[in-house]
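K.L.:
Below are the chains, spelled out letter by letter.
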Amino acid sequence: MDADELREALQRAGYVSDPALAGTLWFAGRLERPLLVEGEAGVGKTALAHAWAAALQRPLIRLQCYEGLDLQHAAYEWNYAKQLLAIRLSEDGAAPAGLADLFSRDYLLERPLLAALASPRPCVLLIDEIDRADEAFEAFLLETLGEFQLSIPEFGTVRATQPPAVVLTSNGTRELSDALRRRCLYHYLDYPDAARETAIVRQAVPGAAGRLAEQVVDFVQRLRREDLAKSPGIAETLDWLRALAALGEQQLPDDPERLLQSFGCLLKTREDRFQIDAERVRRLAAGARNAASSGV
Amino acid sequence: MDARPAAAADPLARVLAFGRHLRANGVPVGIPEQQLLLDMLLACPPPQHTLVKCGWRAAVCRDHRQWRRFEELFDAFWRPGRITGRVRRVGRPGAGRDLPQLVSELRHDTGDEDATPAGSSAAATRPEPGEPVAEGGASRGEALLDRPVDSWSGDDQAQFEQLARRLERRLRRQLLRRQRVDPSSGQLDVRATLRASLATGGLPLAPTWRRPRSTARAPLVLIDVSRSMEARAALYLRLARVLAEVLGARVYVFHTHLLSVGELLRRTGQRAGERLKAATAGFGSGTRIAGCLEQLLATARGQVGRARTLLLFSDGYDSDPPEQLAVQLTRLRARGTRIVWLHPGAGPPESRAVAGCVGLIDRFVRADNVASLQRLAEVLP
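Residue numbers (my numbering), protein chains in the order written: chain A, 294 to 589; chain B, 818 to 1198.
Isolated chain A, as found in the complex (with noise of 0.2 Å):
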């Protein structure tokens, strides 16, 4: 599969993507690296990645991080009720049990690290949002992400048969460690322009009006060059559509009052609910709509 028809098959699992996104993604299966994805929330960062998996016809495996995430969390943990199990009907003598026993594959429970690197089958492992968890963490990712293998002291070293494909993802809410970057591709992933946005909304609302979803479209694509604590990514561009389709509308309302009711799946924050005002809809709203009308 050729980087066009990776873009293609990322078109047919529902993500839009534009060339230079589908490449590095191209070249990131291809010569096996890890791919860290950076930008706003609400961009479409973890959709790529359910996107790629589809695509590759592959398994998701999905690391969500947090602040204090652990590797019982996050690699592996040892099942201790199945090991004192195994003691103590050892030593009843109803099995024999040796140490080296306690710590082999059968009492080991996987978590998402290690399952992708023992998945017999190439799978996508996304690493969601890895700047909300701990610089140790991101520090034990390492040996995952450089060599697709996880040290075990107990038990040794686990490596992927199959390495999978690897997609991080930041919002960049903290910096990221330069060892980390260093092992990873990277991509920034902006806002969409509008003809991509058009095209995104359209596959993922298709029943929504076209002229709707273009004012819609222009209309989002003007507020966020407003000045805003919290632009609306795509995904809030995708909710006001289908709220806006749900009440029947077949294009924007005149009434910035009625457009107004639901900007919550617009704008989050109280802030700028209070910044964009309704003569500020109203016009933001003429915008999108002489836009759409000549075509622009």
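For the record, the hints were derived by calculation from the structure and aren't laboratory data. Worth double-checking, as some hints may not be accurate.
[Claimed, not checked] Here chain A is said to cover these stretches of chain B; the calculated rule only asks that three of the stretch's residues, wherever they fall, bring their Cβ under 8 Å from a Cβ of chain A: (1) 867 to 879; (2) 1134 to 1148; (3) 1170 to 1176.
[To be verified] Over the 10 Å line for every Cβ pair with chain A, so calculated as not near, a few chain B residues: (4) V1007; (5) A1035; (6) V1063; (7) L1076; (8) G1103; (9) G1108; (10) A1151; (11) P1165; (12) D1179; (13) V1182; (14) Q1191.
Note that beta-carbon positions come from the ideal geometry of N, C-alpha and C, so glycine has one too.
Model the placement of chain B on the given structure of chain A, informed by the hints.
P.N.:
Then chain B, alone, in the frame of chain A:
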């Protein structure tokens, strides 16, 4: 005899030269990255210029800033004819280097028989004997070190970032909470221990310990944007932006009153830029350093405290009574704040206000070029 440098003819050397060109412009390209560039070239099906370009971009860029700059650096090296020279750049791009031709040559060198060896078009793009070429992306970056800050351009942001990272390493890490018993040992994390005990049927076999956490104290940055500092304020603000991003510094500007601009610096976009300009461009009247420090102590008491470092960018000219500055600096020091005064001149400010409080200032640091700013990392406590 062909006087053409080997680097200009050998495709491998040209890729390596491109790596050095990137490195000279602040993109950290080491040997593994150069190897990756070559791997990508060889993995690429016959010359696809755009595919190689996006692959290389993904290979060498490590953050959004480098990501945005890459296109320009790429064109400067491989397609110098397209550059209109709007931004000054470190290193000499050299005569045109044709990337598809390079791919072809490289594949030929590595034994790929399908690839066409270097042809006449490649020769046409090679520099003539005696023509200046980018020998290994030769850097003129050192010249920047002594260039006054008011003559820097946007490309020099990388210098600031390096400086900010050195500062980050330099800032002493502080314990978030002091523990009464033994700060070096941990405390039992009951919640985590109970959570872990689920795996052992409720028996807490493996107690979890809570380790004391430490963090670097972000500095406070105060920038004088009065008339006498107008020429340098913009670049100090640029440095402050990097400090805010990398170190989480709190940034204020002041003239006759104090204004927090940290949030504006963090935001991107045209409107944020306009607000920042509005916040600083309207200045140009007098300076009330003492009054602004008093305002800082009144409104941001929580930010001036133990182990904080205050970076004060100012030429020292104060319209408040000279003794007032000493009073406010004494109050700051009483709260445990270390004060580093960065001055644009060659020597410490000679104003009466500053002369009266030299003993209260931990360090004076010259801040008129990169070399002097780099010393900032060394003098920080």
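K.L.:
None of the hints should be skipped; say for each whether it holds.
P.N.:
Consistency of the hints with the structure:
no.: 1; hint: 867 to 879; result: holds (count 9)
no.: 2; hint: 1134 to 1148; result: violated (count 0)
no.: 3; hint: 1170 to 1176; result: violated (count 0)
no.: 4; hint: V1007; result: holds (14 Å)
no.: 5; hint: A1035; result: holds (13 Å)
no.: 6; hint: V1063; result: violated (7 Å)
no.: 7; hint: L1076; result: holds (17 Å)
no.: 8; hint: G1103; result: holds (30 Å)
no.: 9; hint: G1108; result: holds (29 Å)
no.: 10; hint: A1151; result: holds (33 Å)
no.: 11; hint: P1165; result: holds (34 Å)
no.: 12; hint: D1179; result: holds (27 Å)
no.: 13; hint: V1182; result: holds (25 Å)
no.: 14; hint: Q1191; result: holds (19 Å)
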